[in-house]
Amino acid sequence: MTAAVGGREPGRLATALGSPALRMVGKRALMAIPIVLGASILTFWVLSLIPGGAAQQLLGADATAEQIAALEQRLGLDQPGPVRYLQWLGGAVTGDLGNSVVSGQPVTPVLGARLAVTGQLVGMAFLISLGLAVPVALLAAHRPNHLFDRISMLVSITGLSVANYVLALLLVLVLAVQFTVFPAIGFVPMSESVAGNLQSLTLPAVAIAFPLFCFYTRFLRGDLVDQMQGEDYITTARAKGIGPWQVLVRHALRNSAFGLITVVGLNLGTLIGATVIIEQIFALPGLGQLLLQAINTRDFVVVQACVVVFAVIAVLANLVADLLYAVLDPRIRYGSR
Amino acid sequence: MAVADPTAGTPVPAAVAPAASRFRLLRYPDVAVPAGLLLLVVLACTAVPLLPGIPAPIGGSVLDSYLPAGSPGHLLGTDPNGNDILSRILHGGRSSLLVALSVNLIGLAIGGTLGALSGYVGGPLDTVIMRVLDVLIAFPSLVLTLAVAQSLGPSRLNTILALAFFSIPAFARIARAATLRLREQPFMAAAQLCGTSGRRILARHVAPNIAPQLITFGMLGAGIVMVIEGALSFLGLGIPPPAPSWGNMIAQGQQSLSATPMLVVWPCVALFVTVLACNLLGESLRDRWSGR
Amino acid sequence: MRRRHHLPALLLAAALVLAGCGGAADGGALDGPATPSGPPQSGGELTVLEDGAFAGGWPTGLDPATNTTGGANVTQMSAIYGGLFRLEADDDGANAAVVPHQAESTEIADEGRTVRITLREGLTFSDGTPFDAEAVAFNFRRAVDAPCTCSPNWPLAQDGIATDGPRTVVLRFERPYAAVINAMPVTNVNWIASPTALQEKGEDAFAIEPVGAGPFTVVSNQLSSELVLERNPDYFKEGRPYLDRLTFQSIGGDQPAYQALLAGQAQAYEGLTTTPLLDQARSQGRLSVAVQPATSPYVVQLNTKAAPFDDPRAREAIYAATDFDAIAQGLFGGEFPVSQSFTGPGGLFHSDAVPGYTGHDPERARALVGELGGLEVELGTLGSYVAQQVMTALQTQWQEAGITVRTETYELSTLVQEFNSGNWQSMLQTAGSWDPASGVGVNFRFNADSPFSGVADPELDALFDQAAASVDPAERQELYDAAGARIAEQHYAPFGLAFAPANLAAPGVYGPGLTTLIPPIVVNSGVHWDEVWREPQQ
Chain A
0 MTAAVGGREP GRLATALGSP ALRMVGKRAL MAIPIVLGAS ILTFWVLSLI
50 PGGAAQQLLG ADATAEQIAA LEQRLGLDQP GPVRYLQWLG GAVTGDLGNS
100 VVSGQPVTPV LGARLAVTGQ LVGMAFLISL GLAVPVALLA AHRPNHLFDR
150 ISMLVSITGL SVANYVLALL LVLVLAVQFT VFPAIGFVPM SESVAGNLQS
200 LTLPAVAIAF PLFCFYTRFL RGDLVDQMQG EDYITTARAK GIGPWQVLVR
250 HALRNSAFGL ITVVGLNLGT LIGATVIIEQ IFALPGLGQL LLQAINTRDF
300 VVVQACVVVF AVIAVLANLV ADLLYAVLDP RIRYGSR
Chain B
0 MAVADPTAGT PVPAAVAPAA SRFRLLRYPD VAVPAGLLLL VVLACTAVPL
50 LPGIPAPIGG SVLDSYLPAG SPGHLLGTDP NGNDILSRIL HGGRSSLLVA
100 LSVNLIGLAI GGTLGALSGY VGGPLDTVIM RVLDVLIAFP SLVLTLAVAQ
150 SLGPSRLNTI LALAFFSIPA FARIARAATL RLREQPFMAA AQLCGTSGRR
200 ILARHVAPNI APQLITFGML GAGIVMVIEG ALSFLGLGIP PPAPSWGNMI
250 AQGQQSLSAT PMLVVWPCVA LFVTVLACNL LGESLRDRWS GR
Chain C
0 MRRRHHLPAL LLAAALVLAG CGGAADGGAL DGPATPSGPP QSGGELTVLE
50 DGAFAGGWPT GLDPATNTTG GANVTQMSAI YGGLFRLEAD DDGANAAVVP
100 HQAESTEIAD EGRTVRITLR EGLTFSDGTP FDAEAVAFNF RRAVDAPCTC
150 SPNWPLAQDG IATDGPRTVV LRFERPYAAV INAMPVTNVN WIASPTALQE
200 KGEDAFAIEP VGAGPFTVVS NQLSSELVLE RNPDYFKEGR PYLDRLTFQS
250 IGGDQPAYQA LLAGQAQAYE GLTTTPLLDQ ARSQGRLSVA VQPATSPYVV
300 QLNTKAAPFD DPRAREAIYA ATDFDAIAQG LFGGEFPVSQ SFTGPGGLFH
350 SDAVPGYTGH DPERARALVG ELGGLEVELG TLGSYVAQQV MTALQTQWQE
400 AGITVRTETY ELSTLVQEFN SGNWQSMLQT AGSWDPASGV GVNFRFNADS
450 PFSGVADPEL DALFDQAAAS VDPAERQELY DAAGARIAEQ HYAPFGLAFA
500 PANLAAPGVY GPGLTTLIPP IVVNSGVHWD EVWREPQQ
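Chains as they are written, first to last, in numbering that gives the first Met the number 0: chain A, 0 to 336; chain B, 0 to 291; chain C, 0 to 537.
No wet-lab data here; the hints were simulated from the structure. Treat the hints with care, since some could be wrong.
Beyond 12 Å from chain C on every Cβ pair, some chain A residues (computed) [as the list claims (entries may be wrong)]: (1) MET30; (2) ALA31; (3) PRO81; (4) GLN104; (5) GLY130; (6) PHE147; (7) VAL154; (8) GLY185; (9) TYR232; (10) ILE233; (11) GLN245; (12) ILE260.
Footprint (simulated), chain B over chain A, 3 or more residues, beta carbon under 8 Å [claimed, not checked]: (13) 32-38; (14) 165-174; (15) 266-276.
Predicted model only: the values in this text are computed from it and were never measured. Built from N, CA and C at the ideal position, the CB exists for glycine as well.
Please construct the entire structure, taking both the sequences and the accompanying hints into account.
Structure representation (structure tokens):
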């Protein structure tokens, strides 16, 4: 883990994209396919466990068994699970995620519009959490156990112990009701107004980002302190007379980035899961809102599509993390990570 | 549940510390203080409710609803159903701590074993286990928890099962990474050369050596489990009321947050103190165990 | 069997249970800045919030014949389609009556076996096609078989829907059904869709972008999320609607909705039920708060078809153990009256006291439980804030009387399963509607035919049928009083406080049902969107 990091190497990205790192990333990309497949099978299976079918939901409580059976046949729900899954998969690979059982709408275009909202929300939350965590962790690690470190720890732990929906409501009460800085609900598309768009997503993004920011800060600060206290290359760098800030940023941070990237990649599921709750509170027309409605109406086609999209995002993010490893250190051993 | 390896990058201890030295850790204030705080929380939630004179957490009279803090007999006031909030915090803590502990224990037992096995044996077994876990990690955890909780119905046991489902891959990842680092240690090679059986090496050498990292992670994850239990309650799952848990008290209280903020504040404070103690203890243990 | 009781009914019921407060002694209450400074003004836009768990959910679209949650979406449906009839009332909620809207007149003949509905002259849909008797008959035929509780329970005779000339539709029933008009405003037959547009677009596309003749037309529709409407220039009422644009937005609960209103991102919210927020909204005075006159009381349904409530003593014990007065006092600040029957004070045919109704009597309860050798019951409800609080209070009261109570909170779908299984014991629900014969009315909870009834009593069923058939209000009053007395005498189900949700509006927004009172015909009051207006912004 203690990779020595030299000075600037202009050809680093090029090196990273060449073999063998690229091959390793390619291998990881191939590996992503069975992961997404597995996730979709798992969803299919879990959904089959949920009581109450869409047919009954559509027909009402006093529908006869024959009526339900007839509708299930029309919807193809009478087929055995594996057959249905393969039929779904056949459509999915061509971009056709089926039609909503409840509304009859084709799922793919609906999902597209929703993904734009959630994608932007997740992106902003990600940038906010990471963009703040790195400087705060650096400042805290610069002088461990001093005032700033202690304050940042209290803030972080507050963030880890406050539910995001409570935070969301508090943010709205203060920044939308008391001081009308941001809107309390709603989504403004980028095409309508860029400023309005950013404004409409700020509070929800912060509500999602804050607990993650706290988590990343705690993690990165701990790792940085470890690096600074114990690693030989740090001692060497210091001996060479490099200033403490430079050591921290140029050397320790670069090394700690590996751990951080892993943590961020693995936490993407949490990030996405939070959208389910936050989109409810801020009335955002995103995937999370769609997913929750679809679960409640037993619209399994839509649920399936949402989960697969989420899984693809998570897998892609982990691929990007892999690529970042390669950029940061071409010699990284993929097999053992 | 959040997945992270907080111990990544820390060197592996050269050998297992004997049990006695574990208790010696309590001499250090950075371990003793949070440990004491945690013990206090646990005692408050388990023993205090047994004392006479503590009102019941459920079954209050609606005629006593919404009493303010400081009302006679109700230090923190009462909730909409006339139940004593302090008593609900204490009983609710028992529930929340039980969930956090159970989820961690299940994650530790199953995930830890899978991870250590995967890391130690390597090869195709490693690939299979890790890919299966990747599938779980690729999932938006709340989504699958939602589906599991919906299919099983809301109850404390089902909440634990649904949450444990997601602590397993996290523990497994950490156990595997720690085992991989451990494999490079000389004493492991020595054990193998001596012809010690794989099972014995796992039990006698791997398990005790990766335990500190897993325990540290469990400490940090405990708070997250309690918060996520509240998220489930927010979505109508989780621990079903009227039985209290910190999570469902917060989720219930937020429905009228602006009008009755204290219904949310008190359980949040309890959660904060607990998460603080867990985090501090986890980090101090990590520092001590890694010899810093 | 006429398909009448459907799952979306439970959605309605869910919201009814949700609707935990509102309604002063009998006429509801108005608070806040709701007096306009001048006459109504045209123009402006309005965003109205709807709870995603109820009116804010329209997963199957907005075609009257395929919308399975039509009963919850009355507000959107009337904005798009208008309505043949609607419920109007004085500003204080008094003198409520169902009046013709797109219809011009009705005529009931054959003692209620024939109903002639005549339309206004020259009506057109917003696509320009004629809104005539043929179009209405076409819609009626589609709507009566729709899978929605909002489809009417018409006892139609063979070929009972016919036209008589271009403007008159004739309904023929096999038995008298005089309640037909009062039931109209919450049934899907009230909303007339353009048959031409339906044919051209196809059912699926029409459900997303429906075409009617109401005050507004659809601009965009994201299911259960956002519905954007704009002024229909061809609306039949001169100078209406006032608003240029109306947006329905779904939101996840009362607290975020309340905050959004305060922050100015929305100007109205329908169906606030969380008691502490209602109090806060009133005391802050920044919004106008219209607590609608209550029509639907809580009811603890007892399953008389299975143990333990097939034993009348067990039912009487529940009556004696239940203290709804304390619940009304403790949870609702004593603001809402406790009803002894299936209507609230804001509804038709309400009587304050029911002869023979036995109230709270803990000693009697304990004695009965002793006589029975103990009593163990299971009490369920739908998962909502207010319903769970009431359920918890009931559990406590019953346990004090020596009854062992297990509580269960259901999801909509699991509740249906529970009802279908017939194994349920007691359920906390709401009963009634403005006219007991309409919507999720008294039949829903007490008629032997209903899957959501725990009672099978031919005598009671006969009373309900006669009451729905009669055209004479005095006779109906008598019959419903008799039904109430029968329920009390047999201890079929104790009733609780009657309530209705509140509508909130930002300052400068006015409209019937929003800043005036109209009894909720089922759950939320029918806001007259064509009359809603906004003072110009400074």
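Please name the hints from earlier in the document that this structure breaks, with their numbers sorted from lowest to highest. 4, 8
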